[in-house]
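S.K.: Chain by chain, the residues run as shown.
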Amino acid sequence: MRPEGNLTHQNSWEVSPQSKEHDLRLILPATDAAVRRGLQTIKDGLGPKGLAPDEVASLEIVLAEILNNIVEHAYAGHPEGQIDIRLSQADDGLHCMISDRGKMMPGGEPPLGLKVDLNCDVADLPEGGFGWFLIRELAHELDYTHTDGENKLSFRMAIGQKIRT
Amino acid sequence: MKLTHQDFDDVRVVCVGENRIDAACAIQFKDEMRALSDSGPARILLDLQNVEFLDSSGLGAVVAALKAVRHGQRLELAALHPTVQRVFHLTRMDTVFTIHTSVATAVDGIANAS
Numbered sequence: 007m008r009p010e011g012n013l014t015h016q017n018s019w020e021v022s023p024q025s026k027e028h029d030l031r032l033i034l035p036a037t038d039a040a041v042r043r044g045l046q047t048i049k050d051g052l053g054p055k056g057l058a059p060d061e062v063a064s065l066e067i068v069l070a071e072i073l074n075n076i077v078e079h080a081y082a083g084h085p086e087g088q089i090d091i092r093l094s095q096a097d098d099g100l101h102c103m104i105s106d107r108g109k110m111m112p113g114g115e116p117p118l119g120l121k122v123d124l125n126c127d128v129a130d131l132p133e134g135g136f137g138w139f140l141i142r143e144l145a146h147e148l149d150y151t152h153t154d155g156e157n158k159l160s161f162r163m164a165i166g167q168k169i170r171t
Numbered sequence: 269m270k271l272t273h274q275d276f277d278d279v280r281v282v283c284v285g286e287n288r289i290d291a292a293c294a295i296q297f298k299d300e301m302r303a304l305s306d307s308g309p310a311r312i313l314l315d316l317q318n319v320e321f322l323d324s325s326g327l328g329a330v331v332a333a334l335k336a337v338r339h340g341q342r343l344e345l346a347a348l349h350p351t352v353q354r355v356f357h358l359t360r361m362d363t364v365f366t367i368h369t370s371v372a373t374a375v376d377g378i379a380n381a382s
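These protein sequence lines are chains A and B, in that order.
So the first sequence is numbered by the working numbering: it starts at 7 and just counts up by one.
So the second sequence is numbered by the working numbering: it starts at 269 and just counts up by one.
Source of the hints: derived by calculation from the structure; they are not laboratory data.
It is possible that some hints are incorrect.
[Unchecked claim] Interface residues of chain B toward chain A, partial, derived using beta-carbon atoms under 8 Å:
no.: 1; residue: S324
no.: 2; residue: L334
no.: 3; residue: K335
no.: 4; residue: T363
Just so it is clear, CB atoms sit at the ideal spot from N, CA and C, and this is done for glycine as well.
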């Protein structure tokens, strides 16, 4: 829950050449309540940057889904786990990197998040499986790696492109 | 989870008193909605005017509430914020639910139900 300064030695975080600093960094414990507070902190932190309400909405949806998945699946039952969130505004959008040291994603790949079939009786409607669909609808250049016990998910949100021009 | 309700002739209007339905409260929401539909009339209207954010857990809980209604009972939604509307639209759940712009437009003769 504390934004930190520049991380110039973090060479794993290479976004676009123009972006040399982390606009926002947040480390959260792996609980639903911390995720809720973290999302609010991020919204407050990005608020002064002049993002449009629908841009903030897209970001909140994607971050919420990713963070919920880390709490529920990667760290399932380990609230002491830490989630590291780094957001950096570049000319082509907001670059996001989220890392944790929980379980690897099944098969070492993020789920495909296929569109769920709604042509069914109400009784058969799915109550889950929307999370990765929403992430893949709204995030660009999604990349996942699992190295030395660390999960790293990076992506770009096509938001705030006008802020730096 | 704060759910309040108000009964009219043939409809129970359930108002969510919190500003988000997310992973932290989805199960509670689902259970409380079930209790309110079990004891309610044939039409339940879920007033989401206070809900600024809903994630996939919250969406799943609203779908669960729809699946939990009795035979012949209806669950409809009203007053979705843009972000909430967006989640319903992206997942096409807006084709499954009847969605009203406000409680007042959904229920005849109610100027301000909540």
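S.K.: With reference to the structure, classify each hint as holding or not holding.
M.R.: Verification of the hints:
Below 8 Å, beta-carbon pairs count as interface contacts, and S324(B) has one with chain A at about 4 Å; its hint therefore holds. Nearest Cβ of chain A to the Cβ of L334(B): about 6 Å, under the 8 Å cut. The hint holds. With a least beta-carbon distance of about 6 Å to chain A, the hint placing K335(B) at the interface is held under the 8 Å criterion. Checking T363(B) against chain A by beta carbon gives a least distance of about 7 Å; that is within 8 Å, so the hint holds.
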